[in-house]
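Participant: In case you want the letters, here they are:
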Amino acid sequence: MASRRPAGVDGPLFKQALLGSLNWLATNHEEVNRLNVFPVPDGDTGTNMLLTLQSAVEDIKESNAAEVSKIAKLASHGSLMGARGNSGVILSQIFRGFARAVEGKSSLTPRELAVAFEEAANAAYRAVNKPTEGTILTVAREAGRSAAAAAGDDDATVPSVIAAAAAGARAAVLKTPSQLQILRDAGVVDAGGFGLQIILEGMLKTVEEAESFHVDTTAARPKAAQVALDLPEGGWGYCTEFLIDGTNLDLDQIRNEIEALGNSVLVVGEPELVKVHVHTDDPTRVIALAGGFGKILKLNVGDMSTQHKRILDSESAAGRPPRANGVGLVAVVAGSGLVEIFRGLGVDAIVEGGQTMNPSTQDMLTAVDSVPYDEVVLLPNNGNVILAASQVPSLTKKKVHVIETHSVPQGVAAVVAFRPERNGADNAAAMKAEAARIQTIEVTHAVRDTRSNGLKVKKGDVIGLINDKLEFAGADYAEVVNKALGKLGPDAYELVTVYRGQDASDDEMANLESAIRSNFPGLEVEVQQGGQQHYPFILSVE
Amino acid sequence: MNSKRRFAVVTDSTADLPDEWRARYGIEVVPLKVIFGNETFRDRVDMTDDEFFRRLAGATKLPTTSAPSPGEFAEVYRRLAEDHDGCISIHLGAQLSATAEAARIGAQAVEGFRVEVVDSQTVTMPIAFLCRVAAECETLEAATAAVEARVPKTRVLALLDTLRYLEMGGRLNRAQAMIGTMLDLKPLLLVADREIKPVERVRTRSRAISRMVDYFRGELPVEHVAVMHAQAPDEAEKVAAGLRAELPGQEILIGKIGCVLGTHTGPKALGVVYIKK
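Protein sequence lines, in the order shown, are assigned to chains A and B. Going left to right, the first sequence walks through residues 1 to 542 as my numbering numbers them. Going left to right, the second sequence walks through residues 1 to 277 as my numbering numbers them.
Please keep in mind that the hints were generated in silico from the structure rather than gathered at the bench. Keep in mind the model is a prediction, meaning the values are calculated, not measured. Just so you know, even glycine gets a beta-carbon here, dropped at the ideal spot from N, CA and C. Among these hints, one or two may not hold up.
In silico DMTMM-like links for lysine to aspartate or glutamate, alpha-carbon gap of 20 Å or less [said to hold, decoys possible]:
#1 B:K268 / A:E494
#2 A:K483 / A:E524
#3 B:K268 / A:E421
#4 B:K268 / B:E223
#5 A:K459 / A:E494
#6 B:K238 / A:E494
#7 A:K397 / A:E257
#8 A:K432 / B:D214
#9 B:K197 / A:E257
#10 B:K197 / A:D426
#11 B:K153 / A:E421
Just the calculated beta-carbon pair ranges, DEER-fashion [said to hold, decoys possible]:
#12 B:G218 / A:G104: 19 to 29 Å
#13 A:V128 / B:L220: 42 to 52 Å
#14 B:G170 / A:P131: 54 to 64 Å
#15 A:G522 / B:V199: 20 to 30 Å
#16 B:E39 / A:K399: 40 to 50 Å
#17 B:G170 / A:D449: 20 to 30 Å
With the rest of the complex left out, here is chain A:
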């Protein structure tokens, strides 16, 4: 593309800027991953942000919209659907605030761009219950402030405003350790904030050079989370997705006509480009109908029945009658044993993921929409999945209760408390209360030297986290578990359930079990094959 000096930010330039951000984040996301505060082997903030951004630009690539508002709206919707992990969800809220701020505008002056950056940060603050300083939120706000200050100059340009935003972000990222003790202890800056800095830098590179980088969207995309469903016989139709490229498209009319042909309908976009998602028994009719509005792009039809049937056959779902309360259960779980445990307790759909692979909002939405109940309880079972899960209720017509389970043990306790004859709201309250009673101990190995929570940790050490907080380090599993159980105070508890990970050997399992039994004779010990990755042992203490 020919070089040009941009006077304002229009649709094509904003599109290029986002593609540039994606490219730059793709190059640097591993560095973001390494900034995990705990030396646990599943740092994935960079990956989560990259996948969220990929989803944000997914539909934009097809759009030739001239107006910045249309590109921003597509980015907002795409990032919301693809949001993974806490940083990904906050990123999606930043896009949402930006899209709101530029609504109806075809092009942005440097001043308007700065206002949009500030609004984007405000929207992100509003989306979080308890905003914490020293995180991506602070970085977004400082980027907006710097942009606003730069826009006040008489000779402000688009590149100068973006440059100020990126510089503001960089300065804010460097300050994060002074705002958060855990960052200071670990000797790292905030990963999500750093990711946002990279996104802004990618934008800056693009507008400065005013030429698009080649973006390889197929690069290193981790395996998408699988949605495995436990469904009754019968058709669940086809998950059908496409874009309609046309002029003066009437979204309401399209939505109405498509709703007559299926369910889980989503119609979003602009009069020139509309994204459609529907579960239908007759995709041919949907496509013929949509073809009447404009040109169909990026058609994707998935046969949900076949996919589900295969899972049904292999799982031998022992003919469960429909549940009396009409409430379905969806859980995010990884590890073959844990999947089996959750299924055995009555969970209807499992979204595979969790510690190592945070599922997207879309993955969870698909699972929620696929269970044969209009009301659903959703269990994220991981601190990093909770925020993405909390987006699901606003995206579906179903009533969704998100129980904020931070760990697998909390998830098990919540599911155990589910009663099929009790209504959804009462179940949600009881499940939440049960989850809160559980203490979780997670045991793994440090992936680097660090200090955290006043503890000196060497790479390779066995480390123990109690309720997501790094508490102990030691030479072997039994030693760390002993300290952790000692800290919890065994007299207050009756039962320890050990979920054995795929990396724990028979000897390690036997040693740990006998150590708990001999050191804490008052506790019952139950061993379950969890099959989870990275964490040789997860313990539930109740």
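Go by the hints and put chain B onto chain A.
Facilitator: Chain B in isolation, oriented as in the chain A frame:
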């Protein structure tokens, strides 16, 4: 025996009828059977509950149980016909056993003797309560009406140490009950409305016991209540003491479950059983 009463009360061994009531009201008890290999024992006649659980612990193969035959019932009814105008025969829930059906067929074999067979829909002590209600009525009609009015209000709230025995006996479908097979759950089961269903799933026994008492509190007021157990006298005593403190003036009995029921519950079962008001 109450000389004014011209009708008899019959039940079976799964009523866990206290010996004292049996003597005071002259209630006839027809035993079910427990079969270890090729040895058959009459419940509460040839074998006490203590002997049974001792034997169960050492058994390589689980025992089976069987209902009395229609002929055994006919024999009892024929004997009663000699000095009674009729009888009420109250039995183990038909959803769980063929006992009530055997009583019905047995009754047809005794001509000229009126037998009101009642399917109690329940197990253990609530059947004994129904027998006492019947025995305290003046006429067979009044007794039948009083008992049938109470059948839908019988409840057995049970906590089993393991579901193995219930499952082996074919009385529970884990998938339907959402109990799963992997985790060691302590489900709180409720026998009501011809069904056994879990009302709570709990992971530890002490919490399960407190949930059982909580659930029972939600069922108050009750007309009759007892705490039943299989080889868990201390826990039963504790639960009963708690209930006595909460419900002054209410009769709260403690009873032991017999061999036939024990075959399906296994040891360490604990229950609060009652008839709702």
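Participant: Does each hint hold? Answer for all of them.
Facilitator: Consistency of the hints with the structure:
For the suggested pair K268 (chain B) and E494 (chain A), the alpha carbons sit about 18 Å apart, so the restraint of at most 20 Å is met. Of the supplied pair hints, the one linking K483 (chain A) and E524 (chain A) holds, its CA atoms being roughly 17 Å apart against a limit of 20 Å. This hinted pair does not check out: K268 (chain B) and E421 (chain A) have alpha carbons roughly 27 Å apart, beyond 20 Å. Distance restraint check for K268 (chain B) and E223 (chain B): the Cα-Cα separation of roughly 26 Å exceeds the 20 Å cut-off, and the hinted pair is therefore not satisfied.
A threshold of 20 Å between alpha carbons decides the hint, and for K459 (chain A) with E494 (chain A) the separation of about 34 Å lies outside it, so the pair is violated. At roughly 19 Å between alpha-carbon atoms, K238 (chain B) and E494 (chain A) fall within 20 Å of each other, so this suggested pair holds. A C-alpha spacing of about 17 Å is found between K397 (chain A) and E257 (chain A), which places the hinted pair at or below 20 Å, so the restraint holds. Straight-line distance between C-alpha atoms of K432 (chain A) and D214 (chain B) comes to about 19 Å, which keeps the hinted pair within the 20 Å bound.
Simply put, K197 (chain B) and E257 (chain A) have alpha-carbon atoms about 45 Å apart, too far for the 20 Å limit, and the pair is violated. In summary, the hint linking K197 (chain B) to D426 (chain A) is supported, as the alpha carbons are separated by about 19 Å, within the 20 Å threshold. Distance hint between K153 (chain B) and E421 (chain A) is fulfilled; the C-alpha atoms sit about 19 Å from each other, no more than 20 Å. G218 (chain B) and G104 (chain A) have their C-beta atoms about 57 Å apart, which leaves the hinted 19 to 29 Å range violated.
Checked against the hint of 42 to 52 Å, the C-beta distance between V128 (chain A) and L220 (chain B) comes to roughly 45 Å, which is consistent with it. Checked against the hint of 54 to 64 Å, the C-beta distance between G170 (chain B) and P131 (chain A) comes to roughly 57 Å, which is consistent with it. Between G522 (chain A) and V199 (chain B) the beta carbons are some 28 Å apart, a value that agrees with the proposed interval 20 to 30 Å. Checked against the hint of 40 to 50 Å, the C-beta distance between E39 (chain B) and K399 (chain A) comes to roughly 58 Å, which is inconsistent with it.
The supplied range of 20 to 30 Å is broken by G170 (chain B) and D449 (chain A), whose beta-carbon atoms lie about 59 Å from each other.
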